[in-house]
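Protein chains in written order, with full-length UniProt numbering: chain A, 1 to 496; chain B, 1 to 333; chain C, 1 to 178.
Keep in mind the hints are simulated off the structure, nothing from the lab.
You may find that some hints are simply not true.
[To be verified] Below, a list of computed lysine-lysine pairs in the DSS-like style, where the Cα atoms sit at most 30 Å apart:
1) A:Lys358 / B:Lys321
2) A:Lys466 / C:Lys114
3) C:Lys84 / A:Lys441
4) A:Lys466 / C:Lys84
5) B:Lys321 / B:Lys206
6) B:Lys206 / A:Lys431
7) B:Lys70 / A:Lys358
8) A:Lys448 / C:Lys84
9) A:Lys401 / C:Lys84
10) C:Lys114 / A:Lys448
11) A:Lys431 / C:Lys117
12) A:Lys441 / C:Lys114
[Unchecked claim] With the C-beta cut set under 8 Å, the calculated list includes, among others, these residues of chain B facing chain A:
13) His164
14) Lys206
15) Arg314
What you are looking at is a predicted structure, and each value in this text was computed from that prediction instead of being measured.
Glycine included, every Cβ here is placed at the ideal spot set by N, Cα and C.
Below, each chain spelled out in residue letters.
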Amino acid sequence: MKLFRIRGGVHPHDCKTLSADKAIEDLPMPSLLHIPLQQHIGAAAKPAVKRGDHVLKGQLLANSQGMISAPIHAPTSGRVVGVGHYPAHHASGLSVHTITLQPDGKDEWVELFPPADPFALDPAEIATRVAAAGIVGMGGATFPSAVKLNLRNRYSLHTLVINGAECEPYLTCDDRIMREYSANVIDGIRVMAYALGVENIIIGIENNKPQAQAAMREAATAFPNIQVVGLPMRYPMGSEKHLVQTLTGLETPARGLTADIGIVVHNPATALAVRDALCEGKPLVSRVMTVSGGAIQQPRNLRVLLGTKVQDVIDYCQGFREEPTRLISGGPMMGNVLPDTRVPTVKGCNGILALTAKEVSENQESPCIRCASCVQACPCGLLPLEMAANARAGNLDAVTKLGLMDCIACGSCSYVCPAHIPLVQYFNYAKGELASRQRAKHKQDETKRLIEQRNERMAAQERAKKEMMERRKREAAAKKAAAAAAAAKTAQEASA
Amino acid sequence: MSLLISSPHTHSGKSVHSTMLLVMVALAPATIFGLYLFGLPAISLFLITILGCVLAEAMALKIMGKPVGKYLSDGSAILTGWLLAMSLPPTAPWWIGLLGAFLAIIIGKQVFGGIGQNLFNPAMVARVALLISFPLEMTTWVTVDGVSGATTLGHIRTETGQGHTLSSFTDSLPSVSDMGLGMIGGSMGETSAVLLLLGGLFLLWKRIITWHIPVSLLGTLLLLAGVMHAINPNVYPSVEVHLLAGATLLGAFFIATDLVTSPVSATGQLIFGAGCGLLVYVIRTWAGYPEGMAFAVLLMNAVTPLIDHYFRPRIYGRDRKGEPLNYASGENK
Amino acid sequence: MTAILILMTLGLLLGGLLGLAGQYFKVEGNPLQEEIESLLPGSQCGQCGFPGCSPAAEAIANGAAPVTACPPGGKALAETLAAKLGVSVDLSGVADKGPMIAYVHENLCIGCTKCFKRCPTDAILGSSKQIHAVFADACTGCEKCFEVCPTECIEMRPLTHTVQTWYWPSPMMTGVAA
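Please take these sequences and the hints and turn them into a complete structure.
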């Protein structure tokens, strides 16, 4: 198949050999699970259980709220010991609503109702079931998958692309899934294609994963509409817009979705979760993740129950070889630091990396020498050096004009910057600051509306009061008059 | 353990220091050859110029209250001094080197705010200032055998200026192989074309520079030279002379490609290179100086911000004007 | 000599023109004031030291008050105002306090309803003899309720970040930058 070139990109050392040969293992049952109610983009789920409840594996713990949200299910059977706040799987170290579950060790499934044949269902029903299973984009974006499966309602689609690029260094979980569960992944992909109403399926896998390519090709032989394509090794090949461009030559419009050009992209791990939900009726309660990095004693690929503490995962890998410089959720290019090892694992966590100082190669920022390495590396055609300079000066309008919102935060610019300027952090800051100002503006408008409402109400009350007074006055006067008249009458009668 | 620090959590390992070091490595062969060719006076001038730059940089940093050690260790001052020394007559008096060093660092770089902030190439600022202030010292050249004489370009200039046709004095010009190897008079950077080309290719291979500026600069210059030579070979020197004599290769690979003062986008770099090439040819042919690389680069440096502003890369998913691409082909329901 | 004369005449002429223009095109009132008032929150909270948003807008328009005068407006408002007035402003002092919201200590609240009668944005919920609660999304931190509470059960608390509202600090703040 003819591939198309993308601009920019970098070639980081992929470091995948640390864990690529390790088969997926199940992590032993942890003693306690902390299940956050927000493991997806969108509104947090609302608790459906209370403290003391006994729940079975796969039982609903929290309902999704609104269109873009996802429900949360019990990862194992046990007792709910708390519904409260717990540190989030988030760089900030802030707490979020979390359900704490004490496993009873039986790992007993709730009764499951898989459909006899998923392909006999209405496509909309598949999306409903995927939504009910709490499945979100497992590549790290955590966007509710059902929303993406419903795109056929608004876009005319022709192709489903499966993003098996796994271009982030260190991560090997998708690689292992495609090698070990190739048949199941293909089943999941076919279900998704059916739900989307598309025939054409392309599975893109980077050329550093020959075994995964072979396994997927083997599993897809029976289906001529599925193509397995080897991708050149270049970061960020796994960015969905760039992947689509590499495979089809089509460029997704700015601020648009790949659906604008008729393509939907899903991740192999998501396909596996969809298959489990539709063929076995199982909701999403665990995921495969890579535990790796120079500071990890024994790098591994593990299937982990959602809500397991990062510490438990690291302990199973024999702990640290040395004190890590950074603990990261996700890959080293786009992952986020974790504040400590107490935090739970979540749906979007595809890797836990403990990196040494040498791997991180942290350095002091020095002035920009305008070498334009960042311009060459940017896959989006931006000028990172100009954007960072403006963000630094607090000139957010200029940063926006330079294309801040077109930045995919892939980190290629920071990776190559010889001056070690934390470009991505400048952009993250600028994006956050802009969003925060928009919220402030919104609140101000809302405040104005409330004040006007209140003033109107006050005025109305005042008017009502006045009218009431006048009416009373009139009534009193009328009464008086009537009384006077009556008195006059009686007097008349009396005199008569 | 983990700082509040954003992704990415890995790095290519490139640094400002290593970048400067690689440029020096690329310059080394031509420099060593030049020092060997011109001997002791050249060596002392070379050292004085570099030391002068380091001294000036240290003083400026101290005055501005910046960490001296951190900024000095990036090697940019050494490189500036090195490039300046390469562009001076090897036998110029020692104070030319020292004065040039201070001009380059103080006027060319630190008054703009230090590394990365300067608008003009510091070494070229110093060279031009010296050339204008001390024309005698800056144009006294020594040929390889120790006899004082003019540079190839200077010689051509003088002769054609007197109305002689090129063919009448071809014999007095060095052969192409002499120019290529560097057995000619001129500054160290004007000597060995082969070694400079080697250094340039090394920089390209190490990805310190991209092909855009050297290719468009040389392309424009040589194309012009070729066309003009074809029109009147008696007045306009041949392509070989333009390529091999003078500071053409040093300029194309080391001066015009200066990271700080050249445009950042590929298109911008092509325009910048073409502008340099054009100006070099114009100055060499019609202006008052036999060599124009320094002037050409400085002039183009001045328009670099303008080029950067108007020639930006196309943003992904947008057209050249910055509007989102439109798929009106009915894909979107 | 002629040059000096010409320049002098020119100077006089142009100066006179400017003076006349100043006379004829004089702007009556200040249209800026209205514009600024429309930007202010309008809760008439008085935290700026002026009796309401309109006098504050007037003061800001004629330069008697800084663009950072409005605490509930915060950094965003200060920046908009600075852009509107074309002045540069040091925002480092504005963000320090951050947005505050009222919080009712339930064990102290007697349900007197004084606070929610005063609240300009109807951000306090409750009725007489019932414990009041603050609707955080509507609270502007104007402190009016705080002033009238007879039992001092209202506390002004800084609005804390949640995972949704948190964002990366500028590298210049965290000391990552040099």
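Quick rundown of the hints versus the structure:
1. A:Lys358 / B:Lys321: Roughly 43 Å separates the two Cα atoms, so the pair is violated.
2. A:Lys466 / C:Lys114: Holds - the C-alpha atoms of Lys114 of chain C and Lys466 of chain A are around 22 Å apart, at most 30 Å.
3. C:Lys84 / A:Lys441: With Cα atoms ~16 Å apart, Lys84 of chain C and Lys441 of chain A stay inside 30 Å; holds.
4. A:Lys466 / C:Lys84: 43 Å, violated
5. B:Lys321 / B:Lys206: 34 Å, violated
6. B:Lys206 / A:Lys431: 34 Å, violated
7. B:Lys70 / A:Lys358: Holds - the C-alpha atoms of Lys358 of chain A and Lys70 of chain B are around 21 Å apart, at most 30 Å.
8. A:Lys448 / C:Lys84: Status holds; Cα separation ~20 Å.
9. A:Lys401 / C:Lys84: Cα-Cα ~19 Å, so holds.
10. C:Lys114 / A:Lys448: 22 Å, holds
11. A:Lys431 / C:Lys117: Status violated; Cα separation ~39 Å.
12. A:Lys441 / C:Lys114: 29 Å, holds
13. His164: 45 Å, violated
14. Lys206: Violated: closest Cβ of chain A sits about 12 Å from Lys206 of chain B, beyond 8 Å.
15. Arg314: 5 Å, holds
Going down the numbered hints, you'll see the structure goes against 1, 4, 5, 6, 11, 13 and 14, while the others check out.
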